[in-house]
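When you get a sec, could you build the whole thing from the sequences and use the hints?
In the order they appear, the protein sequences are chains A and B.
Per the numbering used here, the first sequence starts with residue 524, numbered consecutively.
Per the numbering used here, the second sequence starts with residue 524, numbered consecutively.
FYI, nobody ran anything at the bench for these hints, they're computed from the structure.
Please note that the accuracy of each hint is not assured.
For chains that are exact copies, the list does not tell them apart, and a pair is met inside one copy or across any two.
What the hints assert, rightly or not - 25 Å max Cα-Cα, derived PhoX-like pairs, lysine-lysine:
| hint | residue 1 | residue 2 |
| --- | --- | --- |
| 1 | 556 | 707 |
| 2 | 1008 | 937 |
| 3 | 783 | 1016 |
| 4 | 905 | 707 |
| 5 | 905 | 676 |
Here's the letter readout for the chains.
2 protein chains.
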Amino acid sequence: MAVFFELNRKSRIPLYVQLVTQTREMIARGDLKAGDRMPANRELARQLDVNRNTVITAYSELEADGLIESHVGRGTFITAIAENRGKAEATKTEPSPVMWNTLMLSTQRDRWLGSLLGSQQPRNTISLAHGLPQAELFPLDDFRRSVDRVLRKEGRELLQLGLSGGYFPLQEYLASHMSLAGIKATPEEILITNGCQQSLDLIRRVFIDAGDEIAIENPTYPGAISVFCVTNARFVSVPVGEAGMDLDALEDILSQRRPKLIYTIPTYHNPTGARMDMSARRRLLDIAIRYRVPIIEDDIYSELHYEGPLHPSLKAMDQHGVVISINSFSKIGFPGLRVGWIVAPRVVIEQLNITKQNADLHASLLSQAAIYEFSRRGLLAKHVRRVRRAYAVRRDAMLEALERYFPDEATWSKPSGGMAIWVRLPEQINTSEILLHAAERGVTFSPGEHFYSSRPQLNRMRLCFTMASPAVIEEGIRRIGSVIKERIVSLKKQRAMRAPEAMRALV
Amino acid sequence: MAVFFELNRKSRIPLYVQLVTQTREMIARGDLKAGDRMPANRELARQLDVNRNTVITAYSELEADGLIESHVGRGTFITAIAENRGKAEATKTEPSPVMWNTLMLSTQRDRWLGSLLGSQQPRNTISLAHGLPQAELFPLDDFRRSVDRVLRKEGRELLQLGLSGGYFPLQEYLASHMSLAGIKATPEEILITNGCQQSLDLIRRVFIDAGDEIAIENPTYPGAISVFCVTNARFVSVPVGEAGMDLDALEDILSQRRPKLIYTIPTYHNPTGARMDMSARRRLLDIAIRYRVPIIEDDIYSELHYEGPLHPSLKAMDQHGVVISINSFSKIGFPGLRVGWIVAPRVVIEQLNITKQNADLHASLLSQAAIYEFSRRGLLAKHVRRVRRAYAVRRDAMLEALERYFPDEATWSKPSGGMAIWVRLPEQINTSEILLHAAERGVTFSPGEHFYSSRPQLNRMRLCFTMASPAVIEEGIRRIGSVIKERIVSLKKQRAMRAPEAMRALV
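Following this line, the structure appears as structure tokens:
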């Protein structure tokens, strides 16, 4: 049977979401039945005049839901599950008189997190995609005992409603812990949040009005892009080089326009791994003071330091109170607990606190107290030492494997900390295409385009070394290397045969 | 010495915050020193031409911070701590070139939650103020064992990053649990949040654009007021009577304007305790369908049902998919864990999920899994039966005490569920004034004005019966009753002596 989609290109709902929704509706109506064949993604992309990735994303969503399944060489088919579920849904309620799609603002981007974590990879896929700690390194027994201890000691208080500023012992602990790194802050200058993603979102809510502008590094953390560059804020991109943020570019920008905030990851920048040196840090602070634009310092990777001198954070160097620093426990060990914090002048923390309260009252007291107890007993420091050693070895393994398996045309960062290596391939290569082939060979990574708020560099890729053992990293890099090399060969062949049409099609 | 404040009445920063900030600045500059006397609140209120409550709130903030202290009969003084801290702060950093107050939007109201929980009451104060479960009833041992069990079983998964939709076993559990109450939902039609406050905030972000309007019950949950009536949304208030939302008023409104959503608490309404009967529920659904305006049903109190017929939720009666239902575990036992959920058509859940991801990635997996394990093993059902019995006894104790100790001029609700009784006093009485005197006698409650988005009824008060034993409730009601009776006597006396000036001053 023929499958008809009607895409609304003016809608703020992403095209792939429209494809998914309409497929579900066709299943619910019985227009699509078990065994029906879906158009090939290339064919559907051409027919609808959309990017092939749009169709691929839609299909992978439908596949993750069990509604379709692909058979290599035969095609993609509606599953029996889908038909049954469709029937159940169809009989359940009468059609809604509410046109939900017209009521929702849908200003949100697609699920950048879901696209990483939500996709179901076969069990033995090698993942170099995620900037996450490896679960095998979690100190489970120590953690479980810490949880048990706090629940015995003050279970009633932890299950009761708390204060939006945070669990006070954790605020106190963080104040003293940060003083070791040269950051002076009282517990009242610290707000506990559900991690850096929420910290960024709260900062946006307190500072960014419709039409306000923010200066943001390009590339940067995708979660910051969805907070600052998607809703009604405007943004200006500041390039990031090997030495971190391009400060000449920043000065140029500030001499012409006045963003409300500058967002930066000065230490082990995500995704480039760059670290600003001392003079760059001083200059950035000078610029912020001169133009009176506060800095949001994302300090989340600073504990993952493997060698060389340890630079103080901008917040530690800040003599004037122009830096708001955000950090969390998620990179060193506990992303599932969702605990992070903001350090800022007290007047700022007060407004963030009110906003936090309106957003969700407070962070889980059980999570906060568990981390506090674990940290207080010195177990966190021990764990950090352990992951530092493990990750340094993995980084070295990845650098070696890159030398061995990647083509001569590729270059990459050699970070002294953090979780990832940033690779640059020849201009003609699109790493999202490379990913499709790499995934078929059982290895994934993050294509560069995810990290750009503007002018995406499609020939970059981020390779994370934290979630796999050195041997697995080597195997992963070997497979990706062979995909890239094949691509380069085929590009050269095509270039020789018939330029320039083929080139355009490939890029 | 003289204390000079300069208030900016056009600023969006609340006046009390300005008072607090300027006091701190005077301390930091050394203009105020240890032992200096602050103006009496009545005197300062007159001098600055502000409401006396503004000064009282500012002073209580400063006192909670340890910067000032009051001595009965002598006055309010700057503490030694304040002077030391002020000096430390003054020497710590050079003055900031960033004018934080001019950068922040400060559209937020004052801390409605902080005003309840942040205020430090003496240890033996009787609290009838909080709609919270009593910590003494928490099933601590069972809960601790559940946490230990899930951490042993799948600790690695719980500490790792999860999916923004929620911990899937909990979504499945909720789907099956709600089916018992007649709500048909698949796990994919459920989004796990950090509780109802976040659910409301996410719904606002998905549906409410600048200038959009929401129909909101008046009075209602203060957290909903801060979400829907403070940021750039507009709102229209629908009165609530003894039978719940005034549906004639709602129809009048909908025939003239088109709000995006209707927010209601149909079962044991906060603060009035009202419950919509079956015919009112049907009519509300009819109205929503007819005018195509979705309903946000806040179902958080429905498990706290003490007697009489149990009405199905609007969501269970909804044949057309016009209801978004929110609920949480916070009223039956675990507010500190911050876990709630939203049930909605899948297309809505998908957008809420993306918004949740941008807001904070996901809710604490440890909190989610702990509650799941506790519920799955039947312990939650057992706990709910226990608190229902306890709260029913407390409600009866409060109703009896009201009969005994409150003046004849007072009337109150007799709710068949929920956490509170709603009291109406004679028009001339302001319950915020009553609270000041009651607090002096060691008992607190929530004055009515907190619950209104417009036209506050100052003669109402909410008395919660969940956090105190029957004997303590009786004592609390006795004390409040005597304050009210004295107030009535003094009002009558003054009315007899010199009306009408005195009356105006008192109301």
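_For each hint given before, does the structure comply? Return the numbers of the non-compliant ones in rising order._
3
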